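Participant: The primary structure of each chain is shown beneath.
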Amino acid sequence: MKKKLLAMVSCAALLATSVIGCSSSKPAESAAAPAGNESTAETSAAAAAGDIKIALITMDSIDQHWVTLNEGAQKAAGELGVSVTFMSPNTKDDAQQIECVNNAVAGGYQAIIVAANGPDAISSALKEAASSGVKIVYVDSPANVDAEATFSTDNEAAGKTAGEEMIKALEAAGVTSGKIGIVNVNAATDSTVKRENGFRSAFEGKGYELMETQYGEGDAAKSQTIAENYITQGVVGIFGCNEGSTTGAGNAIKASGNSGIVGVGFDKSDAIMNLINDGYLLCTMAQNPDVMGEEGVKAAVASLEGESLGGKVQDTGVSVLTK
Amino acid sequence: MKETKQSAVKRFLGMRGMGAVITAFAGLIVIYVAFGIIDRNVFSGQNVMNLLRSMSKYLLIGVGQSYLLITGNIDLSIGSMVGMSAMVSATLMTMGISPIIAILVALACCLCCGVINGILVGKFKLPPFIATLGTMFVSRGAAYMVNNNRNTDAIATGIGKEAGDRFQNFFYYGKTLGIFNTFWIALILFLVFFFLLSKTRTGRHIYAVGSNVDAAKLSGVNVVNTTIKAYLVSAVCACVVGLILCAQAGMGNMEAGNMYEMYGVAAGVIGGISPLGGTGLLLGTFAGAAVWQTLENGLNMIGAQVGIQRLVIGIIVVFSVLLDVVVRSGNFRKNTNS
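Protein sequence lines, in the order shown, are assigned to chains A and B. Residue numbers for the first sequence follow this note's numbering, beginning at 1 and rising by one. Residue numbers for the second sequence follow this note's numbering, beginning at 1 and rising by one.
A hint or two may mislead.
Each computed DSBU-like pair below joins lysine-lysine, with the alpha-carbon atoms no more than 30 Å apart [stated by the list, open to error]:
1. 161(B) to 194(A)
2. 127(A) to 161(B)
3. 194(A) to 168(A)
4. 127(A) to 175(B)
Counterexamples of contact, computed for chain A against chain B with all Cβ distances above 12 Å [what the hints assert, rightly or not]:
5. 78
6. 84
7. 161
8. 165
9. 176
10. 202
11. 207
12. 229
13. 258
14. 279
15. 305
16. 309
17. 314
Keep in mind that the hints were calculated from the coordinates and are not lab data. Since this is a predicted model, take the numbers as computed values, not measurements. Using N, Cα and C, we set each Cβ at its ideal position, and we do this for glycine too.
Using the sequences and the hints given, assemble the complete structure.
Facilitator: Have a look at this one:
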């Protein structure tokens, strides 16, 4: 009995210290948490700026894209004097993202800024949040539920630009035909699927053969394996649809030693910039996640203060980054 | 009168494995209170309801995995069966097939996998780790291929918005008597399997096979059938969790249930199920699942860093197994001395 008691007590002490020691990535602007009562329906539009709690739920909490988005959001939060809590799941997982939305509602957050994994999966959870009075703003990827505003990249146009850049480089090198490989994330993420569609549309009427798309789940290692297979099959160009896919594609081109292959990608990171500067990737379409975060927070606060944004969709644009 | 009442309670508390269960519940209370102190919203009624709903998945997987652990085996395919169940039911529904039939087909697929597991381990004596590793990949592959390597569309596109809402409400979004249906489903299944394990002959056979498989065989226990039954329980649990995930998202996700087999082991082990087989109470699995979910929920609510949850759960699992080993060696000495 003594042994069990000792084990129990030390277990509890261990847990208590580890939890309290490692808590909260909340900003300095911590709003006083409301007392644990049931009614979150009372999200008053007249809430004073200091009491506003916003939840930011992206697809995961690891990818540079989402980290930068959070940074933009925190910057706006600091300026406006509100609190934004980054509550994303560990990995891209519908079930976990739904739990995060539920937790945000239960935690008394007045607004949720969300980058939905897919248009359908979290719709029911968002509908429930909206009916409890929580304001919804989309960043990067919307879902099928009406929201105050959406701040995203026009993915199809950006994909087309990527395709046009690749064609320009190929034609300049005198390559007018050949296979092109596409490394995408999965068939469910709307944003990356749109980029692929835009990319493919740039190749209409051209003499290149676009191969069947392969999915690397946005994991750089998986994407690299796919790209290496494409290279073995003799492609002249590879398109990576997001950060992980692009990193994988670039690394595969580097490993192959064939500098004739034109690699074009999406998103910006140190790894990708290094690959571009070393000449293994031609260019990347850099989104502006920090702008999405900033504008998202501003819109959330505006709608909580009573302004009607009418569900506007704002294109936050891309920049073509080359050497 | 008083004497019999006392001895009943004492008997309950003195059951083998109850010590670990009590420790697990005590740990649960400590964790819950700790998080509540950090963020008062953890105590809110809405959060408690969310907690009960989200722990249902781990509870069911925990029960399935516990059955196997008690027999001294393991089921690595339980997570993939979840994915297979979610994808099969979602794909059929997007094709317009009625939810009831979709559910039955998903159940049939999982039971099939369970029988295969049982035969491979029970009859052909394959090491359970290897056998279920194989069926894990096969089921996950099936989950991928069912809808041509892509996630399904929303189930409402096949069966219509009304039927889709009914399905989603039944398994995830709806409430009965103020508590989410998901929890009721998990609770009812938990009670059924609890009864099966503690009060029926099959249950006793399951403990026997886990304790000492040769002694069990010599006492007339049909080891092959018992093993198959345990894997069938696991398959049923996986099927239901797959349906819950399908209802949660309103569509099928190919990666549904990823890593759940490990969470099931963790839930069982935290509750005192010994990975060596032969002991453990399902009540402990309940506590284990609750501990896991409370941690996940609490860390998410306070916006804690990504790796912390994994770190803490890992420490708790090791602690629990250590406790089990220490208590076992202590009990052994106590029994031989008396």
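Participant: Taking C-beta pairs only, is residue 229(A) more than 12 Å away from all of chain B?
Facilitator: Given that every Cβ of chain B is farther than 12 Å from that of residue 229(A), nearest at about 16 Å, it holds.
Participant: Mind checking the alpha carbons of residue 194(A) and residue 168(A) for me, to see if they're no more than 30 Å apart?
Facilitator: 21 Å, holds
Participant: Please verify that the nearest CB of chain B lies beyond 12 Å from residue 258(A)'s CB.
Facilitator: Fine: 29 Å to the nearest Cβ keeps residue 258(A) off the interface.
Participant: Was residue 161(A) rightly flagged as not at the interface, with every chain B Cβ beyond 12 Å?
Facilitator: 26 Å, holds
Participant: Compare the distance between the alpha carbons of residue 127(A) and residue 175(B) with 30 Å, and conclude whether the hinted pair is satisfied.
Facilitator: 16 Å, holds
Participant: If I take the minimum Cβ distance from residue 314(A) to any residue of chain B, is it greater than 12 Å?
Facilitator: Holds: least Cβ distance 26 Å, greater than 12 Å.
Participant: Measuring Cβ to Cβ, find out whether residue 279(A) lies farther than 12 Å from everything in chain B.
Facilitator: About 34 Å separates residue 279(A) from the closest Cβ of chain B, which puts it past 12 Å; holds.
Participant: Beyond 12 Å from chain B, beta-carbon-wise, is residue 165(A)?
Facilitator: 28 Å, holds
Participant: Is the Cβ of residue 309(A) farther than 12 Å from every Cβ of chain B?
Facilitator: For residue 309(A), whose nearest Cβ neighbour in chain B is about 26 Å away, the distance exceeds 12 Å, so it holds.
Participant: Against the 30 Å threshold, does the CA-CA distance of residue 161(B) and residue 194(A) hold or violate the hint?
Facilitator: 26 Å, holds
Participant: Taking 12 Å as the cut and beta carbons as the points, is residue 78(A) off the interface with chain B?
Facilitator: 16 Å, holds
Participant: With 12 Å as the threshold, tell me whether residue 207(A) passes as away from chain B on beta-carbon distances.
Facilitator: Given that every Cβ of chain B is farther than 12 Å from that of residue 207(A), nearest at about 29 Å, it holds.
Hint check: a violation occurs at hint 6 only; the rest are consistent with the structure.
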